[in-house]
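Just so you know, the protein sequences line up as chains A and B, in that order.
1050 is the number of the first residue of the first sequence in this note's numbering; add one for each residue after it.
609 is the number of the first residue of the second sequence in this note's numbering; add one for each residue after it.
Be aware that a few hints might be false.
[As the list claims (entries may be wrong)] If you want the footprint, here are the derived chain B segments under chain A, 3+ residues with CB under 8 angstroms:
id, stretch
1, 648-660
2, 663-677
[Claimed, not checked] Facing chain B, from chain A, some residues (calculated, C-beta under 10 angstroms):
id, residue
3, P1057
4, Q1086
5, R1117
6, F1151
7, V1159
[Claimed, not checked] Derived CB-CB ranges, DEER-like:
id, chain 1, residue 1, chain 2, residue 2, range
8, A, G1052, B, K666, 36 to 46 angstroms
9, B, D687, A, G1065, 47 to 57 angstroms
10, B, V662, A, L1160, 43 to 53 angstroms
In case anyone wonders, no lab produced these hints; they're calculated from the structure.
Quick caveat, the model's predicted, so the values are computed rather than measured.
Glycine residues also receive a C-beta, built at the ideal position from the N, C-alpha and C atoms.
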Amino acid sequence: DGGITQSPKYLFRKEGQNVTLSCEQNLNHDAMYWYRQDPGQGLRLIYYSQIVNDFQKGDIAEGYSVSREKKESFPLTVTSAQKNPTAFYLCASSSGTGELFFGEGSRLTVL
Amino acid sequence: QQQVKQSPQSLIVQKGGISIINCAYENTAFDYFPWYQQFPGKGPALLIAIRPDVSEKKEGRFTISFNKSAKQFSLHIMDSQPGDSATYFCAAKSGAGSYQLTFGKGTKLSVIP
């Protein structure tokens, strides 16, 4: 089955710790994205990548980092510099037609 | 800067009724307007989409109406069912070669029996 796999589904972090969220796709899509979802805020773009070894900041990139070493993988690191990291994180991919395919999300809670 | 404004924030509709969600945009370079449906704890999934060269697109009970001059588009759900209860997001993509979608803030729809 083709799709987007995000892991872990739930993650707890202590303040001051970095955490990495995994995103893997087997759709052969060039573009991958990370969105943050908060209640009433919609989907806000953190980072996106259109090709391997290249990525761009979205609207709320501060406190986050990404890498794109393989076409299939686009991990997101939430660093200790992110002041309010508790949120639902969504990874997506696209072939460029406009349609985004989303994973099932990772819920991060800071204790 | 919110480029896609979505309303209402929440909507309660009786079973069998019509649900209507509206979006407005400012960027005339937008050329693709999708609607996404999201159930609790899941990622959004594409529901229906339209390009600005048509004024309406229908898929089953779901219809997008598009008004290019007013820079508005809306989602109509006919014969709304409890299973339609979800959060709906409108979005827009600008120009050829752009890979980015700009999302509205979402509408939480509750369909009551």
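query = Per the coverage rule (Cβ-Cβ under 8 angstroms, at least three residues), is the stretch 648-660 of chain B covered by chain A?
reply = Three-residue rule met by the stretch 648-660 of chain B, so holds; n is 7.
query = Against chain A, does the stretch 663-677 of chain B show at least 3 residues with beta-carbon separation below 8 angstroms?
reply = Result for this restraint: violated, n = 0.
ask   = Does the interface hint hold: is Q1086/A within less than 10 angstroms of chain B, judged Cβ to Cβ?
value = With Cβ-Cβ at 9 angstroms, under 10 angstroms, it holds.
request  = Closer than 10 angstroms between Cβ atoms is the bar; does V1159/A clear it against chain B? Give me holds or violated.
outcome  = 19 angstroms, violated
C-beta pair V662/B, L1160/A: status relative to the range 43 to 53 angstroms that was hinted = For V662/B and L1160/A the Cβ distance comes to about 50 angstroms; the hint holds.
query = That 36 to 46 angstroms hint for G1052/A and K666/B (C-beta), does it hold up?
reply = 27 angstroms, violated
request  = Answer holds if the nearest beta-carbon of chain B is closer than 10 angstroms to that of F1151/A; otherwise answer violated.
outcome  = 3 angstroms, holds
request  = Indicate whether the distance between the beta carbons of D687/B and G1065/A respects the range 47 to 57 angstroms.
outcome  = 52 angstroms, holds
Interface hint outcome for P1057/A [beta carbon to chain B under 10 angstroms] = Violated, because the Cβ-Cβ distance from P1057/A to chain B comes to roughly 14 angstroms (cut-off 10 angstroms).
task = Classify the hint on R1117/A as holds or violated, based on whether any CB of chain B lies nearer than 10 angstroms to its CB.
result = Violated. Min distance 13 angstroms.
Checked against the numbered hints above, the structure violates hints 2, 3, 5, 7 and 8; every other hint is satisfied.
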